[in-house]
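Please build the complex by placing chain B on the supplied structure of chain A, with the hints as guidance.
Just so you know, the protein sequences line up as chains A and B, in that order.
Each residue of the first sequence is one higher than the one before, counting from 4 in the numbering used here.
Each residue of the second sequence is one higher than the one before, counting from 4 in the numbering used here.
Because the hints were derived from the structure by calculation, they are not lab data.
Where hints are given, some of them may not hold.
As the list makes no split between identical chains, a pair holds if one copy fits it or if it spans any two.
[Claimed, not checked] Below, a list of computed lysine to aspartate or glutamate pairs in the DMTMM-like style, where the Cα atoms sit at most 20 Å apart:
#1 K11 / E91
#2 K210 / E49
#3 K124 / D34
#4 K170 / E228
#5 K124 / E20
#6 K400 / D148
#7 K349 / D368
#8 K349 / E133
#9 K124 / E138
#10 K207 / E222
#11 K357 / E272
#12 K397 / D34
#13 K397 / E222
#14 K124 / D97
#15 K357 / E20
#16 K327 / E20
#17 K11 / D325
#18 K11 / E57
#19 K207 / E151
#20 K210 / E438
Listed here are the chains, written in short residue letters.
There are 2 protein chains.
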Amino acid sequence: MSTPRATKITPLSGFPEYLPEQRVVEQHFLDVIRSTFELHGFPSIETRSVEPVERLVGKGGDADKEIYGIHRLADAEGGSAGGGRESELGLHFDLTVPFARYVVENAGRLTFPFRRHQIQKVWRGERPQEGRYREFTQCDIDVVDTGELAPHFEAEMPLVMAEIFAKLPIPPMVIQVNNRMIPEGFYRGLGIEDVAGTLRIVDKLDKIGPDKVAALLVEAGRTAEQAQACLDLAAIRTPDTSFVERVRALGVEHPVLDEGLAALSAVIETGAAAAPGAMVADLKIARGLDYYTGTVYETQLIGYESWGSFCSGGRYDELASDGKNTYPGVGISIGLSRLLGLLLGKGLVGASRKSPSAVLVAVTDEGSRPASVAVATSLRARGIPCEVAPAAAKFGKQIRFAERRGIPYVWFPGASDDGGDQVKDIRSGDQVDAEAASWECPVEDLRPQVIALGE
Amino acid sequence: MSTPRATKITPLSGFPEYLPEQRVVEQHFLDVIRSTFELHGFPSIETRSVEPVERLVGKGGDADKEIYGIHRLADAEGGSAGGGRESELGLHFDLTVPFARYVVENAGRLTFPFRRHQIQKVWRGERPQEGRYREFTQCDIDVVDTGELAPHFEAEMPLVMAEIFAKLPIPPMVIQVNNRMIPEGFYRGLGIEDVAGTLRIVDKLDKIGPDKVAALLVEAGRTAEQAQACLDLAAIRTPDTSFVERVRALGVEHPVLDEGLAALSAVIETGAAAAPGAMVADLKIARGLDYYTGTVYETQLIGYESWGSFCSGGRYDELASDGKNTYPGVGISIGLSRLLGLLLGKGLVGASRKSPSAVLVAVTDEGSRPASVAVATSLRARGIPCEVAPAAAKFGKQIRFAERRGIPYVWFPGASDDGGDQVKDIRSGDQVDAEAASWECPVEDLRPQVIALGE
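One chain only, chain A, in its complex shape:
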């Protein structure tokens, strides 16, 4: 083998890695997310990490400028590394585009309406910055149907997410909902023809503020009155359906606007009934990606609005098509890496220990290691995670081994006066007689606990 290099190893910017105690937090989040998705009847699928580049390009708005292609090093040695070979492959930059491909590819073997969840890593070659990574984990749910998709699914998606947020040890989340038909109809009612261009400028509101948006709109050919009306619409945000009156008060009329207002009202009404406070109608939400056609979602962590959205999605009517059938869908996605980047970075959440072991079985001397292994086997048979001490060191050293890993109990085979075993809670120092076949581990000590911490 090649000799190990002694060069200093440094992290790769944009490719975060966690220590074991941080990974405990991530796994807790993943477990809550998956189990809630399953409670709501979303089966899991995974798609391969790569797609032909031509399927990725043009689907992701800004994201497709940042696709990573892959190439076999063995090929690169022989000549051109970039293109020219069979079908060039790229790492997926989200889970929606591969899901749309999967649906079309497997349409004959799926049952519609088809719901699924998908939790995977995605890659984007953008400049790393706070909350933005080059490799990160997304947690998606989507429902697609053939031909038509019932509108009640648009209310269901954010409610699943609201249930997840309520179960996680995080500050409150608010899901902002809009319907693209509202700005579209409103702009048309104002006489604006370049709807997409106008939307793109208004979408910068949170980043650059209303004055600059107004200036950009005028620069792009809107009148000052049109620009002001666009800003007035974008300023509307209500926890209930009163947004309808406020839009009406702006005096703009268009059938597409009516349709959008009715659709958003239905979503907000269902949301307010099922999870009061979890959702608001927010008419400035547009979503950068081009494929959304109706309802759109973004989510803010209250107190951390500047971090942007942690959970986004929307309805798309034309993403998946095989030429004969189209598969309209609606989906929403948690940006788990971004959320954990904030929570772990600011110390807002932590784990009670970094080892899954609830018990360290001490070893009196190497000759009696099999007796310690037998204790561990007996505890595991009853679902108690444990490990055997690595060396028959002094008991004080074995206890420190447990302490450093946060393992709450140390088991001493044969430590009792009658030759039986004892177990010590190393937090309290209490040591009591115990049998491996019957000792009950307190349920709160069985697994690491993940808890909210003050900032």
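Structure of chain B alone, referenced to chain A:
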């Protein structure tokens, strides 16, 4: 957005994807693997998917010829796509090399001996064939220490895997164990100097048979007698420590051979006591990767030996080093994708249903959808996975919706004579009165079951 293409979508060779019912099987396997790793006190880590190419090259034997490099498409447009930019990155081809890097990078923040499990995808650009993929999932455990690693860990690793195999619905597995010091000492005792070259030829035994191996050995400069002795050693396979006598009977002596025989005896003795039948000493096992230095493991599924090893690993003393310290380790890895490729491909395992939902809540008419949603919310609050029917179709159609997904129960709000609810087991047709707040779902119906099927 760009118009969806109507081109036919075909699978990418070497990048397998599962249907939801197959993914249920995969998730069951992943859950058993993870929970057993945790029962044995292995915390989880994940490493980023990429490493600098220079860290990958030279570490993986054959594998490093098949590394996938990644490149930003945005860069490719500007010129050279292959090399020349900062540090070129490649997708990892196993989890051991990135783990070794992680240990060195984080040594100051880890506690030694450090144990971890790691379940992730890896990539190799090799020619796809039966049981070989370009993207696949590995499930690893390793223990590393600073300076010295206690030998008892070499017995612990395969026992964790044996426990997993015993819990999975698969044919019996046998873990074959060897110690590289045995062939090394034996070859030296025979007067052979090129140990690595000899080992590489003997490693082809299963593929090309003893006659061709003997011919290759002679071609490489061994005498006919040396070649025969190498084959005699490789033919020894015993379920207990009787391999020692059989090696001794070959009459070769060397201190490294003695050391290897003692080390392997300790592993096999511990194994035979803890999990009779799970392990055999098999002196032909060598493992292709160059970094192993002591104990090595391979695993065969009985009846499917030609598929090769589903679970492999070994001890490595020099993989991780920061120049000052070395971190010897031992690890073992399940090739989950290869195992599932066989089991799913041959129909040896299956799931009882493809939906996580245990209950479909029927919808009488769209106006009463909120009542059906309330039933679902109540069931979920008690941990019963369920979904609400997508449309207020005729009940027969709603029942068929459940049937096609394998959902065992359909709930009918208000179906009872007294206006209460009823639930139907659609397998038996039994329909009984039930309340969402108290109905007990039989525990075997709560989640999809994964079971062995006859071939």
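Do the hints match the structure? See the list:
| no. | hint | result |
| --- | --- | --- |
| 1 | K11 / E91 | between (34 Å within a copy, 17 Å between copies) |
| 2 | K210 / E49 | neither (34 Å within a copy, 34 Å between copies) |
| 3 | K124 / D34 | both (16 Å within a copy, 19 Å between copies) |
| 4 | K170 / E228 | neither (45 Å within a copy, 70 Å between copies) |
| 5 | K124 / E20 | both (13 Å within a copy, 15 Å between copies) |
| 6 | K400 / D148 | between (61 Å within a copy, 16 Å between copies) |
| 7 | K349 / D368 | neither (44 Å within a copy, 49 Å between copies) |
| 8 | K349 / E133 | within (12 Å within a copy, 48 Å between copies) |
| 9 | K124 / E138 | both (7 Å within a copy, 14 Å between copies) |
| 10 | K207 / E222 | within (15 Å within a copy, 72 Å between copies) |
| 11 | K357 / E272 | neither (43 Å within a copy, 32 Å between copies) |
| 12 | K397 / D34 | neither (38 Å within a copy, 36 Å between copies) |
| 13 | K397 / E222 | neither (77 Å within a copy, 56 Å between copies) |
| 14 | K124 / D97 | both (8 Å within a copy, 17 Å between copies) |
| 15 | K357 / E20 | within (15 Å within a copy, 33 Å between copies) |
| 16 | K327 / E20 | neither (44 Å within a copy, 24 Å between copies) |
| 17 | K11 / D325 | between (51 Å within a copy, 7 Å between copies) |
| 18 | K11 / E57 | between (39 Å within a copy, 13 Å between copies) |
| 19 | K207 / E151 | neither (32 Å within a copy, 58 Å between copies) |
| 20 | K210 / E438 | neither (62 Å within a copy, 51 Å between copies) |
Comparing the model with each earlier hint shows violations of hints 2, 4, 7, 11, 12, 13, 16, 19, 20; every other hint is respected.
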